[in-house]
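Participant: UniProt numbering numbers the first residue of the sequence shown as 1 and each following residue consecutively.
Treat the hints loosely; a few may be bogus.
Between beta-carbon pairs, the in silico distance windows are [stated by the list, open to error]:
{"no.": "1", "residue 1": "K63", "residue 2": "K584", "range": "49 to 59 Å"}
{"no.": "2", "residue 1": "Q404", "residue 2": "G196", "range": "32 to 42 Å"}
{"no.": "3", "residue 1": "D97", "residue 2": "G405", "range": "14 to 24 Å"}
{"no.": "4", "residue 1": "R81", "residue 2": "E191", "range": "47 to 57 Å"}
{"no.": "5", "residue 1": "N565", "residue 2": "I264", "range": "53 to 63 Å"}
{"no.": "6", "residue 1": "T62", "residue 2": "D468", "range": "54 to 64 Å"}
{"no.": "7", "residue 1": "A386", "residue 2": "N229", "range": "41 to 51 Å"}
{"no.": "8", "residue 1": "I457", "residue 2": "Q254", "range": "26 to 36 Å"}
{"no.": "9", "residue 1": "Y51", "residue 2": "G385", "range": "47 to 57 Å"}
{"no.": "10", "residue 1": "K584", "residue 2": "T62", "range": "48 to 58 Å"}
{"no.": "11", "residue 1": "G59", "residue 2": "A94", "range": "51 to 61 Å"}
{"no.": "12", "residue 1": "G405", "residue 2": "A94", "range": "19 to 29 Å"}
{"no.": "13", "residue 1": "G196", "residue 2": "P146", "range": "28 to 38 Å"}
No lab work stands behind these hints, which were simulated from the structure alone.
This one's a predicted model, so the numbers in the text were calculated from it and none came from an experiment.
Beta carbons are placed, not taken as given, at the ideal position from N, Cα and C, and that holds for glycine.
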Amino acid sequence: MKVTLRSCRAFSFPDGTLKDEDKRMVVWWYGPVTKNLPAGSVPKVAVFFRYLDDQNNLGKITKRDLALTHLGLLRIGSVWRKGACETYFPHDKAKFDVSFSEGGWQLITFADLKSSYLSSEAEADITKYLSETRNHKTYFINFFLPNGKHLLIPCVEFFSRCYGSSSEVNRVLATYPWKGVKERLFKPLDEPPQPGTWPIKLNWRMHKGDAILLAHILYDPYAKLAAKNIYSYIEADFLAGKSYSLLRATPWFQGEGQLAVSGISIDGGNAFLALRVLGSSQPGGTTIQREKEQRVATDEGKDNDDSINLPSKRQPGIGEIIDLTDDTEPDHGSSWLDIEEEKFAVLGKPREVIDKWRDRNSSANRQSTPKPGDENRFSTGEAFGAGKDVGKAHLYTSLEMESQGILRDMWTAFRYLHKSHPNRIRKVEWFTFENGFSAYSEPKLIQFNPIEDDTNITTSVKHWPFIDYDKQKLRGALVIRVMSDTKYIYIIEIQRKHIASSADSNEVDEETISGLCFVLDDDAVFDEWLRRLLSEIRYKKGIFKKVLNRCPGHADAFVHRRSTNDSVFCEAAAKNALRKMGLKL
C-alpha cells in the first residue's frame, strides 16, 4: 500500500527508543497501557508503527512501548525518522454532532463491534487497517449517530486529547489513586466558593486549558467519576495479574455537542473510525473562576505563604533538538521546558472562564529570574532524586476557539475583560441612536446609510455600505462603550462580508477590517461625532486610519491579531484597543 504524505511543522523527539531508528516509520495505532518500571510516575502505551520505504509504500508493523505523556507529539499519521517528524499521513476530516450523555455512546471492544454493529465489509475495513488485530487491543467509544451510523474513537486517543490540555493531567489521572490525584491537580481555595461560580486554584504544573475539566472534576460528580475510573480500571487489571490494561476513557460531561476528527470511513459510510480528535465542544454551565498557584519567589529569597520558589521555565529554541526520555524521572529543582503539541479546536460557544487576578505589586508576585539549568534530557515524570541531569518537560496543547464573527467576538471579549477586571472596567455597553447605551440583551448594530447618487465616486465606494449589494442589504456598525475607572473608551467595529478562504475553498472567512478606538475631549459631543464618522467612513471604504485626524479627542485604529494566551476569541485585540487608549490590563 502506497500513501501520500504532507509537510507539517517540523520538530524533533529523540526519545531513546526512536532516535536511532534510521528507517521512516508512521505512527499507526495506540494499544494497551503497561507499567513503566524504570520511571514509575509515567505509564507507558504500546504504540504501533509501520515502516515506509523511499516510495512511501507501507511495510511491516512494529511496536514500541512509549510514555503515555508523549502521545500528544506521537500523533497517529505522523512520520518519524531518527527521532524527528517533518511529514504526516493525511486522513479524511469530518465533524459530527454527538451526544455526550449516557445513552448517546457506549464503551466497546473490537470483538463487540464485529459481533453487534459492523457488517462483514466494515470488519474487513478495520482488519485491513489493523492487520494484526490481536496485538492492537483497545476500547472504543462508540457514539450513536442518526440513521444507525456510528463514530468510533479509540479510548487512548480520546483520553489524550479530550481530558485537559496538558500531558500532566493525563499522567496524574492514569498513575495515582484519588487522594494523590487531588493534591497534584489542585491547591486549597483561599476563600469559600460564592454562589454562581466554580472557583478553582490550579497546581502550578497545570496548564490554563485544564481549567474546565478540573472544575468539573471538583464540582460535577459525573466528571469526578469519569476521572476516577481512569486509574481504577488500570489498577484493577494489574492487581488481577495482567501485564497490560486496556484504557477506558469516557465522556466526562453530558449534553449535546460536536467532535471534529480525522480518520477513515468504513462500512460503506455507515461508520467512521476516528484516528485523531481535532476539536470538541465545551460543556455549558456555571462560570469558572480560574486561579493558578504562583510560580514566584520573593526578592529576599524568604519563604512566603503565597509563593513557591521554582526552577527556570522556558520554551524550546527554533530548531533545538530536545531529548525526551521515558525511562528516567526529572531531578528535583531541575529546569522546566514547555513543549506545545498540535492545537485543539473549541467548537461552538466556549465555556465562560474568568481569571482571578492578584495585585501585581504584592511581594508574593515579585518574580525572580532563576538561571536555566544545564540538563541534557527532559522527562514528563514526577521529580525524583538529583544528579541525573534530567529536566522536567511539560507537554500541552493550546485551545483554538471558533470565531463567532468578529463583531460578536469583540463584544464577548470586552464582557470577559469586564468580569476579569471589575475594578478597572466598571461597565461595558453597546449603543444605537434608537436605544441609547445598554449593557443588557443582545447588542444591536447601527445600519449604514446608502450613498446617494454621486457621479464623482467609484462603483466600489458606492457599493461599500452594502453587505450584499445585489440584495440591497446594508452593513452595520457595532459601537461599544467601555467605562473604565477614569474615563469612557469607545470602540467601533464594522460588519464584515464573508469571502472564500484562501486556504480552503470550502470554507469562508470575513474580510479584514481594522477596528477603531477613541476617547473624546468632551463626551457630550459623542452623538454628533458618531453620526459624522459613520457618514464619512463610507467614502473611505471602512479604513479608519483615513479619518483619525477628524476625531475631537484621541483616536487610533487597531488590528485583530490572535494570541495563544487568549481565554476568549479576540481578547488580545480588545486589550490592544484599550491599551492604545491608556488602559493597560
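Participant: Could you run down the list of hints and mark each one as holding or not?
Facilitator: Each hint, compared with the structure:
Evaluation of the 49 to 59 Å hint for K63 and K584 yields a pass: the beta carbon distance comes to about 54 Å. Judged by the Cβ atoms, the range 32 to 42 Å given for Q404 and G196 is violated: they are separated by roughly 24 Å. Between D97 and G405, the C-beta spacing of about 21 Å keeps the proposed range 14 to 24 Å intact. Between R81 and E191, the C-beta spacing of about 53 Å keeps the proposed range 47 to 57 Å intact.
Evaluation of the 53 to 63 Å hint for N565 and I264 yields a failure: the beta carbon distance comes to about 35 Å. For the pair T62 and D468, the beta carbons lie near 57 Å from each other, so the given range of 54 to 64 Å is met. Judged by the Cβ atoms, the range 41 to 51 Å given for A386 and N229 is violated: they are separated by roughly 35 Å. For the hinted restraint 26 to 36 Å between I457 and Q254, the CB-CB distance of approximately 56 Å leaves it violated.
Distance hint check for Y51 and G385: the Cβ-Cβ separation is about 37 Å, which falls outside the suggested range of 47 to 57 Å. For the pair K584 and T62, the beta carbons lie near 54 Å from each other, so the given range of 48 to 58 Å is met. As the Cβ distance of G59 to A94 is approximately 28 Å, the hint placing it in 51 to 61 Å is violated. Take G405 and A94: their Cβ atoms lie about 24 Å apart, and the range 19 to 29 Å holds.
Our hint of 28 to 38 Å for G196 and P146 holds, since their Cβ atoms are close to 36 Å apart.
Of the numbered hints listed earlier, those contradicted by the structure are 2, 5, 7, 8, 9 and 11.
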